[in-house]
Amino acid sequence: MINRKLAKVLSFRYKILAIIFLVLAGGLVVLPKYEKQEGIQPEALLKNAVSSERYITTDELADLIINQDPSFILIDVREEESYKKYSLPNSINIPLDKLLSEDSNSFLNQDQFDVILFSNDHFYADQAWLICNRLDYNHIRVLKGGLNAWFNTIINPEKPSENQSVIASELYSFRKAASMYFGVAYPDEFKAKPVVKIIPKKKVIPKKKKKKMPVEGGC
Amino acid sequence: MKELEKTKRISIAAVLFILIIIIGLLFYERPKHLYTVNSNDMLEKVIKADYFIALDKIDDPSIVLIDIRSPFEFEKGHLNEAINISTPELLKGDNPELFNKIAANKKVAILYGSTPTEANNAFMVLYQLGFENIKILLVSLAYEQNKLITNNSIIEKNVTDINAFIAESQKKVKIVPKPKKRIPKKVVPKKKKKKMPVEGGC
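Chains A and B are the protein sequences, given in the same order. According to numbering that gives the first Met the number 0, the stretch in the first sequence is residues 0 to 218, in order. According to numbering that gives the first Met the number 0, the stretch in the second sequence is residues 0 to 201, in order.
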């Protein structure tokens, strides 16, 4: 009896096997996508994080803006409030919490432009960069020192003392010119023009009054 | 005879199939480091900003200080009882196990570098690999006469209002030239020299 029943079941064995495999295959589709391993390898991420290639200095950026280089986008990763208060010219505001939204994806994940991230310092910009780097977004850079460095170097450059090298004074004159481009006015520069006009009018050279004392004779 | 050949083929195929699976399993190498946090969760953590610790709270015994600067700078000067694991070495050798050990002992690993930004690299990589008991020390290091100085560091501090500065500079310029224009009008009159007749002596 048992043998007969077993033989009956065994005659279906291929069908049973096929059904089992079909069910398993269906299960694979239902499995959640394993999203945690997205992006580049951790080792590669660490290697990229250590390298300082991503930084762009404020001088380089000022040069880009003044020359109206069309190949880059500026992205402000601070919150909207501070963005409205002051931001770099033509920058786009993507606060950190909207970094991975679809709208910002079109700015960050593309190959046409260099994207320059900045914040007050470069702490938040660096964090945003690390997140983007893991997702293998290329062409993303970070403004070194952020807006604070922007202020200290471009907007309000420190005048080099006289015994510093020529390079320092050249850098200063570049920065000063750049700051004037961004709207800073210098009293000494402004004064320079009227002075030039006035000088030819002033022909009066004050002379020291010589008072000759009457020479008194001796005796 | 035909029947036998058929079973032979089937058994050869089956053996080969099983062999391939076994070889595949033997050579399968699990990647050493796997992410346990995806980018969205990382971003959430970043925004939460609960991973900072102030300089005055590091006397706690449940804290392990980790210096992520280069060994050279570590030799030059470091905080008390700090362990040196420079950022490029984080995933090499026994270092990940060290972090696991710290977690097993229910301690918190505090990362610090010469600025919090420097420690951030290490923090973000480690956090995404599943090391959750790590924090960043808000410190900036400096040297004075080869002595290490620690300062509290505030991240992302807005130092100046740039708009106000620009407006101020423009204001200054507008006010300053007015009084200066009046000044050049002053004409110093020439005084004619009067030559006094020279009186002779006697």
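For the record, the hints were derived by calculation from the structure and aren't laboratory data. It cannot be assumed that every hint is accurate.
Stated by the list, open to error - Here are the simulated DSS-like cross-link-like pairs (lysine-lysine), alpha carbons at most 30 Å apart as the crow flies:
| # | chain 1 | residue 1 | chain 2 | residue 2 |
| --- | --- | --- | --- | --- |
| 1 | A | Lys46 | B | Lys171 |
| 2 | B | Lys47 | B | Lys171 |
| 3 | B | Lys171 | A | Lys83 |
As the list claims (entries may be wrong) - The following label-pair restraints were derived from C-beta to C-beta distances:
| # | chain 1 | residue 1 | chain 2 | residue 2 | range |
| --- | --- | --- | --- | --- | --- |
| 4 | B | Val197 | A | Asp187 | 49 to 59 Å |
| 5 | A | Asp187 | B | Thr159 | 44 to 54 Å |
| 6 | A | Gln109 | B | Ala53 | 21 to 31 Å |
| 7 | A | Asn137 | B | Tyr50 | 49 to 59 Å |
Keep in mind the model is a prediction, meaning the values are calculated, not measured. Virtual Cβ for every residue (Gly too), placed ideally from N, Cα, C.
Which earlier hints turn out false for this structure, listed by number in ascending order? Of the numbered hints, 1, 2, 5, 6, 7 do not hold.
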